[in-house]
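Asker: Take a look at the letters that make up each chain.
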Amino acid sequence: MEYTKKRRLTIKPKSNGLEDIYQHDLQMYDFPPRGELLLTEFEQLAKERLRLLQHVENNAVRTDLKTPEERKQNLSTALTKDGLKYYAHLLYAKSCNSPTETDLEYRRKDHISHFILRLSYCFESDNLSWFINQEVEFFKLRFSSLDKEGVEKLLNTHKIDCQQITLEEKDKFREELHLSTSSARIKNIDVTEFYKVPFHKVTDLVRSRRVYLNQGIAFIPQADLVSLFASYFKKNLYDGMPEARMSIGRMYGDERITSCLKSLNNVVDKISVVWTTDTTPVDKLDELSKTSYPLCMRILHEALKTHHHLKNSGRMQYGLFIKGIGVTMTDALSFWKTEFTKKIDLAKFDKEYAYSIRHTYGKEGKQTNYTPLGCPKIISSSVSAGEYHGCAFKHMDQNSLRQKLFNYGVPAATINEIADLAREQNYLGACTAYFKFIHKRMPDKLISHPNVYFAESRVILANNATELENKDRLSQSGRFTSPGLASPSIGTPRNIDKGIGTPLRNTMTPKRDRGSMSSTKMGRTNMTPVRTARATPKRIETHLNDDDIAQLMSEDM
Amino acid sequence: MDHLEHLADLLPTYYARLFPFPDYYRWLSYGNVNTFSHREFSFTLEDDIYLRFQSFKSLKELELEIKRLLPFKIDIGAVYNVNPKDYHKGANFIPVERELVFDIDMTDYDDVRTCCSSTDICSKCWKFMTLACKILDSALRLDFGYKHILWVFSGRRGIHCWVCDSNARTLTTTERGAVAEYLQIIEGGQYMKKKVNLPGDKIHHSIKRALEMIEAVFVPFCVEEQDILGTDERMENFLQIISDDDARQELKTLFGQYNSSKDRWNIFVKYIQNKKTTGDKKWYQYRHLIEEIMLQYAYPRLDIAVSKGLNHLLKSPFCVHPKTGKVCIPFTANTVDKFQPDNVPTITTLIEEINEFDLKDKTEQETYDLNAKKIKDYKKTSINKSLRIFQEFLWNLSNERKDSRLKQNDEKMDF
Chain A
1 MEYTKKRRLT IKPKSNGLED IYQHDLQMYD FPPRGELLLT EFEQLAKERL RLLQHVENNA
61 VRTDLKTPEE RKQNLSTALT KDGLKYYAHL LYAKSCNSPT ETDLEYRRKD HISHFILRLS
121 YCFESDNLSW FINQEVEFFK LRFSSLDKEG VEKLLNTHKI DCQQITLEEK DKFREELHLS
181 TSSARIKNID VTEFYKVPFH KVTDLVRSRR VYLNQGIAFI PQADLVSLFA SYFKKNLYDG
241 MPEARMSIGR MYGDERITSC LKSLNNVVDK ISVVWTTDTT PVDKLDELSK TSYPLCMRIL
301 HEALKTHHHL KNSGRMQYGL FIKGIGVTMT DALSFWKTEF TKKIDLAKFD KEYAYSIRHT
361 YGKEGKQTNY TPLGCPKIIS SSVSAGEYHG CAFKHMDQNS LRQKLFNYGV PAATINEIAD
421 LAREQNYLGA CTAYFKFIHK RMPDKLISHP NVYFAESRVI LANNATELEN KDRLSQSGRF
481 TSPGLASPSI GTPRNIDKGI GTPLRNTMTP KRDRGSMSST KMGRTNMTPV RTARATPKRI
541 ETHLNDDDIA QLMSEDM
Chain B
1 MDHLEHLADL LPTYYARLFP FPDYYRWLSY GNVNTFSHRE FSFTLEDDIY LRFQSFKSLK
61 ELELEIKRLL PFKIDIGAVY NVNPKDYHKG ANFIPVEREL VFDIDMTDYD DVRTCCSSTD
121 ICSKCWKFMT LACKILDSAL RLDFGYKHIL WVFSGRRGIH CWVCDSNART LTTTERGAVA
181 EYLQIIEGGQ YMKKKVNLPG DKIHHSIKRA LEMIEAVFVP FCVEEQDILG TDERMENFLQ
241 IISDDDARQE LKTLFGQYNS SKDRWNIFVK YIQNKKTTGD KKWYQYRHLI EEIMLQYAYP
301 RLDIAVSKGL NHLLKSPFCV HPKTGKVCIP FTANTVDKFQ PDNVPTITTL IEEINEFDLK
361 DKTEQETYDL NAKKIKDYKK TSINKSLRIF QEFLWNLSNE RKDSRLKQND EKMDF
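One line per chain: the protein sequences are A and B, in this order. Residues 1 to 557, numbered by UniProt numbering, are exactly what the first sequence covers, in order. Residues 1 to 415, numbered by UniProt numbering, are exactly what the second sequence covers, in order.
Looking at chain A on its own, in the form it has when it is part of the complex:
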């Protein structure tokens, strides 16, 4: 992969050449682009692809769009509106036959821009998985536009290992194929082609039990081939990353390129935790849980107070949240201790639980400074019998949710509103409705993180309190707001800025800065030491996702 940048225009390659390189509308990006590119075009292509991926992400989180067609339509509209017509075009591209010059030019842009972003995203695991997820999502949507010929050509070009089943096999497994494949995918078994692939190539179908498995072989209908391709595509991207890192190494000397690449992934520094910098005393948590906690945390707090115990995932979710709202480690230890020792003796607490609390604060084990979990993570968490964590609007059934809200004094009309939103899987909407009821007004920011919810709440309550001082105390009503007003300063976030105050980011940003600054100097003398020094610590992180945190915390005990 060699990117050369030139300030003067080079001869545009003839489209004939392009036709050989870009034989298909849908690319697997299995070879890097060659040739020269203007720096301005380099930058422009990169920024446009980034915008594309952001649109893809926004599109993917829309729960109201059910079918692939609806999703594509929505994305296409957004892309066109944003001046990314060529991506809208590629989104609907059918196949490969007789491409026009415009087609080829679009394919070239697609190719180059993808590889530029690879360079920018290949280092940090958070960024990388974001990048790959969006690319895979876009790939899937595009795949659904292909015609039969397009699919076959893709199969052949990339030598994807899958075998069509014989008529005998189809007869033999007719009943199982019928039972285990989604009805929407097979109207009639006789006219559906099935393919045999090893099950690990279609993990999404296996995971959701939408495929017939026999002796480790998955029998997938034609309509599900997209899973096979997407997993091939994804593997391809991951496999290409070491190469991308090497290429970065080769161009450390060029500040223009590195700063451009750096600016690209800064945009996706989107972890939007709000860390509360004031110290929150633990004796205020009871009160805060009623005034300023989102429902998920209120329920955890209540479960802890009632049962004097929370299982591991619950301790994680709630422990990190209170860390985020400004409970110090010493306070957190005494808080958990007070509750747990109502049921178990102190020695057992010290032995089995204290460690994991210190771990949460980065004082044990790998010393990672963990960030409070955000809504997507909480919504997708798995919850088992006897557990209270997760998203209240997703992981509570309608009856339990309604009962709980009723117990909290929410009036019937609001309960209906919230429960309906939850049923429609609009969890953030339901959470916002709950916020609105508690605070008698909407939050100023989008609630996408429990700690954002908390921060918003504190700001509003602090303002209310200031107003209150000027007015008559009695003019305020509402049993939910009043306890919080007594202590408006507690837990009020001082900075609501994205990056600042986030320890995780703080520890990383200087590292990144140091790396890129020194790279200009060292890059010319000796590449290798810089690369290993920078790259290796991060290798551990690629093996550490949030699930591992939970695991580590339980196994380290």
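One or more hints might be untrue.
The calculated label-pair distances, taken between Cβ atoms and stated as ranges, are [to be verified]:
#1 B/SER123 to A/VAL136: 46 to 54 Å
#2 B/GLU250 to A/GLU287: 38 to 46 Å
#3 A/THR157 to B/SER138: 33 to 41 Å
#4 A/THR100 to B/GLU400: 53 to 61 Å
#5 A/ALA223 to B/SER138: 39 to 47 Å
#6 B/THR35 to A/ASP147: 44 to 52 Å
#7 A/ASP147 to B/THR173: 54 to 62 Å
#8 B/GLU250 to A/HIS307: 54 to 62 Å
#9 B/ASP48 to A/ALA223: 52 to 60 Å
#10 A/LYS159 to B/GLU400: 26 to 34 Å
The set of hints was computed from the structure by calculation and includes no laboratory data. What you are looking at is a predicted structure, and each value in this text was computed from that prediction instead of being measured. Cβ coordinates follow ideal geometry from the N, Cα and C atoms, glycine included.
Chain B: place on chain A using the hints.
Answerer: Using the frame of chain A, we list chain B on its own:
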């Protein structure tokens, strides 16, 4: 503190004379020394001293160290790219291989078992484990094609499953997650009363197979023995699964007209089937309800976090559980019906058995003498049967290795 009395006194004899070191090594090396030497072991010593990232170059080294440290508990972790002992602090330390494991613990059944709770078990609730073992074993063999499956009693109230096929050991985290989630049907916490939801009109073949096994025992086991509809509280728990207020109320009235759990179950089944035949407007939401409830009460409850991670630790077979003194012995799914935790040998009984044998042996030798062959210690004890199961498992593994080596050689010859 609440350990078995004298455990520390018994362990030296156990590790010296009973722990099957050579077979253990044969298992964890899978015919390759590096597979063994890059494996993480972790030891819990007396007084809860915890040693992670232990690794050993050879059988001898492992044996000496275990005999020296006398661990109360041994955990097995992943095989890493480098040996864990020297390199686990290094940056480039990556798990590369690990058996696909499943952990089933009786405490996860607390909301459906009525005979015991928390750490207690009895022969009645052990049937949940029996059923879980059979259902998982057949899914792993038939759906995923795995052959080398080692089932191990966890020492107190659960079972572990080690899938040791080479293609299982090399699964990635994502792939393990997919297998685990495929096998996990029960989902939802304290505030999700209905924990099984089968989508669509049809039932997946794997669940259908599990249902056949459950249906065969559901009435005698769950309905009658566990008596799931026997008291007001249990009926209330059961009824909470039904989301529709009217149906719940009607069923409550119906249940009141009967006295036994079995009669109540039968009237429930009839009531739901009736919804279908009479074309009730809401019948669609009841289409799988009977099956869903059977699954909720009897399908395996997995701790899937254990299965998903490569680097997760799991207690080793042949450990002695420090509180019960029971040995974590292997068993097979075919004979799981006969397995009873109460019959599992404890370290105390095993050592008594050896002593008795030695005594008898000594008298016999004095009387008859003879250069009688020395009998291996474990053969004198009730652990013998479990070791035979373990050896058969190892024999199958090594046979497959031989076969694949032969096949490779043949392929080479062709060229």
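Asker: Confirm or reject each hint.
Answerer: Consistency of the hints with the structure:
In this structure, B/SER123 and A/VAL136 meet the distance hint of 46 to 54 Å, their C-beta atoms being roughly 50 Å apart. For the hinted restraint 38 to 46 Å between B/GLU250 and A/GLU287, the CB-CB distance of approximately 43 Å keeps it satisfied. Between A/THR157 and B/SER138 the Cβ separation comes to about 40 Å, which falls inside the hinted range of 33 to 41 Å. About 56 Å separates the C-beta atoms of A/THR100 and B/GLU400, a value consistent with the hinted range of 53 to 61 Å.
Take A/ALA223 and B/SER138: their Cβ atoms lie about 29 Å apart, and the range 39 to 47 Å is violated. A C-beta distance of roughly 48 Å is found between B/THR35 and A/ASP147, which places it inside the suggested range of 44 to 52 Å. Distance hint check: the CB atoms of A/ASP147 and B/THR173 are about 35 Å apart, inconsistent with the given range 54 to 62 Å. A C-beta distance of roughly 33 Å is found between B/GLU250 and A/HIS307, which places it outside the suggested range of 54 to 62 Å.
For the pair B/ASP48 and A/ALA223, the supplied restraint of 52 to 60 Å holds, since their beta-carbon distance comes to about 55 Å. Range check, A/LYS159 to B/GLU400: about 29 Å between beta-carbon atoms, so the 26 to 34 Å window is met.
Hint violations for this structure: numbers 5, 7, 8, all remaining hints satisfied.
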